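Chemist: Spelled out, the chains give:
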Amino acid sequence: MTALPTPSKVKLGLVIDLDTCVGCHACATSCKEWNAGGIAGPLTDENPYGKDPSGVWFNRVHSYEIAPTPACASQGSIAAEAAQPAMTLHFPRSCLHCETPACVTVCPTGASYKRAEDGIVLVDEDKCIGCKLCSWACPYGAREYSPVEGVMKKCTLCVDRIYNENLDESERQPACVQACPTKARHFGDLGDPESKVSKLVAERGGVALMPELGYNPVNRYLPPRPRRHGTGADESVAQGTVTTAASPLHWLGRLLKR
Amino acid sequence: MHPALSVILFTTLSGAGYGLLVWLGVSVALLNLRGQVLPALTGVQLAALALGLVLSTAGLLLSLGHLGKPLRSWRAFSQWRTSWLSREAVMAIATVLPALLVGALLWRGMPGPTATPLLAIAGIMLALFALATVACTAMIYASLKPIPAWRHPLVVPVYLLFALLTGLALLFALMLLMLGDQGPETMLLTLAVVACLLVALKWLYWYETDRDGLPGSRATAIGLPGREATVFERPHTEANYVTREMAFQVARTHARWLRIGASALVVGGPLLGYLLLAAGSPALALAAAAALMLAGAFVERWLFFAQARHVVTLYY
Numbered sequence: 001m002t003a004l005p006t007p008s009k010v011k012l013g014l015v016i017d018l019d020t021c022v023g024c025h026a027c028a029t030s031c032k033e034w035n036a037g038g039i040a041g042p043l044t045d046e047n048p049y050g051k052d053p054s055g056v057w058f059n060r061v062h063s064y065e066i067a068p069t070p071a072c073a074s075q076g077s078i079a080a081e082a083a084q085p086a087m088t089l090h091f092p093r094s095c096l097h098c099e100t101p102a103c104v105t106v107c108p109t110g111a112s113y114k115r116a117e118d119g120i121v122l123v124d125e126d127k128c129i130g131c132k133l134c135s136w137a138c139p140y141g142a143r144e145y146s147p148v149e150g151v152m153k154k155c156t157l158c159v160d161r162i163y164n165e166n167l168d169e170s171e172r173q174p175a176c177v178q179a180c181p182t183k184a185r186h187f188g189d190l191g192d193p194e195s196k197v198s199k200l201v202a203e204r205g206g207v208a209l210m211p212e213l214g215y216n217p218v219n220r221y222l223p224p225r226p227r228r229h230g231t232g233a234d235e236s237v238a239q240g241t242v243t244t245a246a247s248p249l250h251w252l253g254r255l256l257k258r
Numbered sequence: 001m002h003p004a005l006s007v008i009l010f011t012t013l014s015g016a017g018y019g020l021l022v023w024l025g026v027s028v029a030l031l032n033l034r035g036q037v038l039p040a041l042t043g044v045q046l047a048a049l050a051l052g053l054v055l056s057t058a059g060l061l062l063s064l065g066h067l068g069k070p071l072r073s074w075r076a077f078s079q080w081r082t083s084w085l086s087r088e089a090v091m092a093i094a095t096v097l098p099a100l101l102v103g104a105l106l107w108r109g110m111p112g113p114t115a116t117p118l119l120a121i122a123g124i125m126l127a128l129f130a131l132a133t134v135a136c137t138a139m140i141y142a143s144l145k146p147i148p149a150w151r152h153p154l155v156v157p158v159y160l161l162f163a164l165l166t167g168l169a170l171l172f173a174l175m176l177l178m179l180g181d182q183g184p185e186t187m188l189l190t191l192a193v194v195a196c197l198l199v200a201l202k203w204l205y206w207y208e209t210d211r212d213g214l215p216g217s218r219a220t221a222i223g224l225p226g227r228e229a230t231v232f233e234r235p236h237t238e239a240n241y242v243t244r245e246m247a248f249q250v251a252r253t254h255a256r257w258l259r260i261g262a263s264a265l266v267v268g269g270p271l272l273g274y275l276l277l278a279a280g281s282p283a284l285a286l287a288a289a290a291a292l293m294l295a296g297a298f299v300e301r302w303l304f305f306a307q308a309r310h311v312v313t314l315y316y
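Keeping their order, the protein sequence lines are chains A and B.
For the first sequence, position 70 (counting from the first letter as 1) is numbered 70 according to the numbering used here, and the numbering increases by one without interruption.
For the second sequence, position 20 (counting from the first letter as 1) is numbered 20 according to the numbering used here, and the numbering increases by one without interruption.
Derived by calculation from the structure, the hints in this document are not laboratory data.
Treat the hints loosely; a few may be bogus.
[Said to hold, decoys possible] Some chain B residues flagged as far from chain A (calculated, every beta-carbon gap over 12 Å):
{"id": "1", "residue": "26"}
{"id": "2", "residue": "40"}
{"id": "3", "residue": "61"}
{"id": "4", "residue": "67"}
{"id": "5", "residue": "90"}
{"id": "6", "residue": "152"}
{"id": "7", "residue": "179"}
{"id": "8", "residue": "200"}
{"id": "9", "residue": "258"}
{"id": "10", "residue": "274"}
{"id": "11", "residue": "275"}
[Claimed, not checked] Partial pick of chain A residues on the chain B-facing surface, computed with a CB cut under 10 Å:
{"id": "12", "residue": "5"}
{"id": "13", "residue": "29"}
{"id": "14", "residue": "49"}
{"id": "15", "residue": "52"}
{"id": "16", "residue": "110"}
{"id": "17", "residue": "126"}
{"id": "18", "residue": "139"}
Since the model is a prediction, treat every value here as computed from it, not as a measurement.
All residues carry an ideal CB built from backbone N, CA and C; glycine is no exception.
Just chain A, same shape as in the assembly (with noise of 0.2 Å):
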């Protein structure tokens, strides 16, 4: 069915560190790794060694450059206290599992669904027809389409192991939490205030992605700390009120601090 389940107590999802992640791809590889013989299975890559590869993926990392900011930017933000600096951000995007999922309720044929037990947003590959539209009603760009088995794919959220009792308690989180080596991503239930995920969330003030457009995602991003004051030079090189630059005294200055 592909009408909202009523709300679930448990929303299962993951928590996100922006300030950690280093862009590895780390948590990409070993979603594929394993999602390519579990349940979602199999991730069909076309043309893999050849000229244009192309294939399914649940997790996409980008990278960008983050403008620097003058102090007290803008309200609200991490920009809120102090100058920012410029940086690269990576940021990885995957499936939110939101509350209100349009990708379900455009279904035409029952196939995708929202698991009324913990809201894990799946797809039943044996009934669906492959006509895309849960895509397009994705602004997050969460599913991918596979022309070679002609249904969509979308992460699991690896619901084929986070309840897998053949494997060892340690492991049963999404193979892509398991993976990060700097332990950016968490995993949890963010339906509880008291779970470890919905306090980390609390502490460092997460985010929901466009939360404008109205489907409630269950997934959080926490934001880069702010980046300390720096002292002397380095405070005002992130004001960009710099205007000495050029003089040889300056670096004799600045060396003469020290």
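Let chain A serve as the given structure and place chain B on it in line with the hints.
Modeler: Structure of chain B alone, referenced to chain A:
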């Protein structure tokens, strides 16, 4: 959005087919409500019914080409509670029922006094169901929040008008072909007026969607409102499904010429009809007008897809 040929052909062809069925249903209903059973019209009514059904079915079959698993398409009838695509499928099949009823009653030749109200009711149902099918098609697009250009309030009216206009042109062509001289000037004038209205609405749509752009920014897309982000490195070196399907781009100058071309075809249809009328062949004139308008609808539909920007492009 990637303009898939199967979907464009489907929406234009079956649009024209359903438009034709709407006009047929309306005319059958009006004639029978007034008690005017004109046996001379039965032939053209049956022809219109057949053409309408052939076009709409051909369109539906073409749309199966868009599916990864066409053999499972029967499943698409199940989720009409939430999905406009499913509603469209249900309505498309539902339209066939009154269409076959109208056909059967007409086929029996002169309907007796009892058949006349039934024919009127079947005609009304045919018109309503056909109209609803086109509206469902338009709502598939109009309900997608990540594609703001498709949320525009003119999307549904323009889909309906295109269906009605091309359907009417086909009906006129059939009437001239089978009934002889029925006043082709008035027909062409009617088509020209509707075509001008439609093109005017379309340019209003283009003006507003060009101006509005995407909601939000890359900053809100990555959860850092207030910061300015530029792409440093893409997540993949080659195109993937998301970029191929959702990040289709058409050059601005290209698009302008295609817009002018689509408008010229739609308005030029009736004009060409007038010219051919002077050459003395009314049926050919209307057929040419219908063909040109269908071609215009095809170009317009291509642009409808190609120029619609998806929110996911903010990430790229």
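Chemist: Against each hint, give a clear statement of whether it holds in the structure.
Modeler: Hint by hint, here is what the structure shows:
1. 26: holds, 29 Å
2. 40: Consistent with the label, residue 40 of chain B stays out of reach of chain A, its closest Cβ about 43 Å off (over 12 Å).
3. 61: At roughly 14 Å from the nearest Cβ of chain A, residue 61 of chain B sits farther out than 12 Å, so the non-interface label holds.
4. 67: violated, 5 Å
5. 90: violated, 10 Å
6. 152: holds, 16 Å
7. 179: Per Cβ check, residue 179 of chain B is outside 12 Å of chain A; nearest 41 Å; holds.
8. 200: Per Cβ check, residue 200 of chain B is outside 12 Å of chain A; nearest 28 Å; holds.
9. 258: Holds: least Cβ distance 22 Å, greater than 12 Å.
10. 274: Residue 274 of chain B clear of chain A: closest Cβ-Cβ about 41 Å, beyond 12 Å.
11. 275: holds, 42 Å
12. 5: It is violated, given that the least Cβ distance between residue 5 of chain A and chain B is near 12 Å, above 10 Å.
13. 29: violated, 12 Å
14. 49: violated, 12 Å
15. 52: holds, 5 Å
16. 110: holds, 5 Å
17. 126: holds, 9 Å
18. 139: holds, 4 Å
Violated hints, in rising order: 4, 5, 12, 13 and 14; the structure is consistent with all others.
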